[in-house]
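Trainee: Take the sequences, apply the hints, and build the full model.
First residue of the sequence shown? That's 557 in the working numbering, and the numbers climb one at a time after it.
It is possible that some hints are incorrect.
In silico DSS-like links for lysine-lysine, alpha-carbon gap of 30 angstroms or less [claimed, not checked]:
| # | residue 1 | residue 2 |
| --- | --- | --- |
| 1 | K696 | K581 |
| 2 | K581 | K689 |
| 3 | K589 | K693 |
| 4 | K689 | K702 |
Treat the hints as calculated values from the structure; they're not laboratory data.
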Amino acid sequence: MLIDASATVDVRASDDVTPFMIACKGGHHECAKLLHRAGAQVDAANARGGTAMVVACVMGESDTVRLLLGMGADADAVTVALDDTEQLFQCRPLVTACRYNQPTVVSLLLSAGVSVEATETALTELEAFPGFKECHKLVKRAVERKQHRKLRCKL
Numbered sequence: 557m558l559i560d561a562s563a564t565v566d567v568r569a570s571d572d573v574t575p576f577m578i579a580c581k582g583g584h585h586e587c588a589k590l591l592h593r594a595g596a597q598v599d600a601a602n603a604r605g606g607t608a609m610v611v612a613c614v615m616g617e618s619d620t621v622r623l624l625l626g627m628g629a630d631a632d633a634v635t636v637a638l639d640d641t642e643q644l645f646q647c648r649p650l651v652t653a654c655r656y657n658q659p660t661v662v663s664l665l666l667s668a669g670v671s672v673e674a675t676e677t678a679l680t681e682l683e684a685f686p687g688f689k690e691c692h693k694l695v696k697r698a699v700e701r702k703q704h705r706k707l708r709c710k711l
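Mentor: What follows is the structure, encoded as structure tokens:
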């Protein structure tokens with residue numbers, strides 16, 4: 557109804573969150589699709605640097621990640637975010653999924669073709685989390701495949 561009345565779909569709340577981000581975070585996929593069709597920015601970031609994709613990666617919401625990828629969200633996007641101690645850091649969906657031990661999401665992002673840099677960064681990040689064996693195995697295998705392809709191309 558609001559969209560039909562030409563409401564701004566990317567209006568931001570005080571914390572810079574958009575309706576699209578809220579719909580994705582809550583798993584309201586039909587609402588997210590409606591907002592997307594009305595022009596909502598899929599890769600918009602909030603005041604802390606988080607995007608709908610990053611939030612889905614943290615929460616392990618594989619259906620939302622799949623939806624966002626289907627809408628053209630950048631699986632390899634780098635945003636500058638603030639952590640809980642107000643320190644800036646570079647935030648990538650794959651690294652975030654690894655940091656929160658979300659192997660299903662890691663697999664989806666790897667299938668979407670994230671960059672060599674993202675996979676290598678994720679592998680480095682995973683060294684600090686020895687218990688995240690499934691994520692480590694997925695990323696390590698992806699790095700090895702990318703290195704193997706690179707060697708084949710040189711031959």
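Trainee: Would you mind marking each hint as holding or not holding in the structure?
Mentor: Checked hints:
Note on K696 and K581: the hinted pairing holds, with a Cα-Cα distance of about 29 angstroms set against a maximum of 30 angstroms. Distance hint between K581 and K689 is fulfilled; the C-alpha atoms sit about 26 angstroms from each other, no more than 30 angstroms. The suggested pairing of K589 with K693 is violated, with an alpha-carbon distance near 33 angstroms, which exceeds 30 angstroms. A C-alpha spacing of about 20 angstroms is found between K689 and K702, which places the hinted pair at or below 30 angstroms, so the restraint holds.
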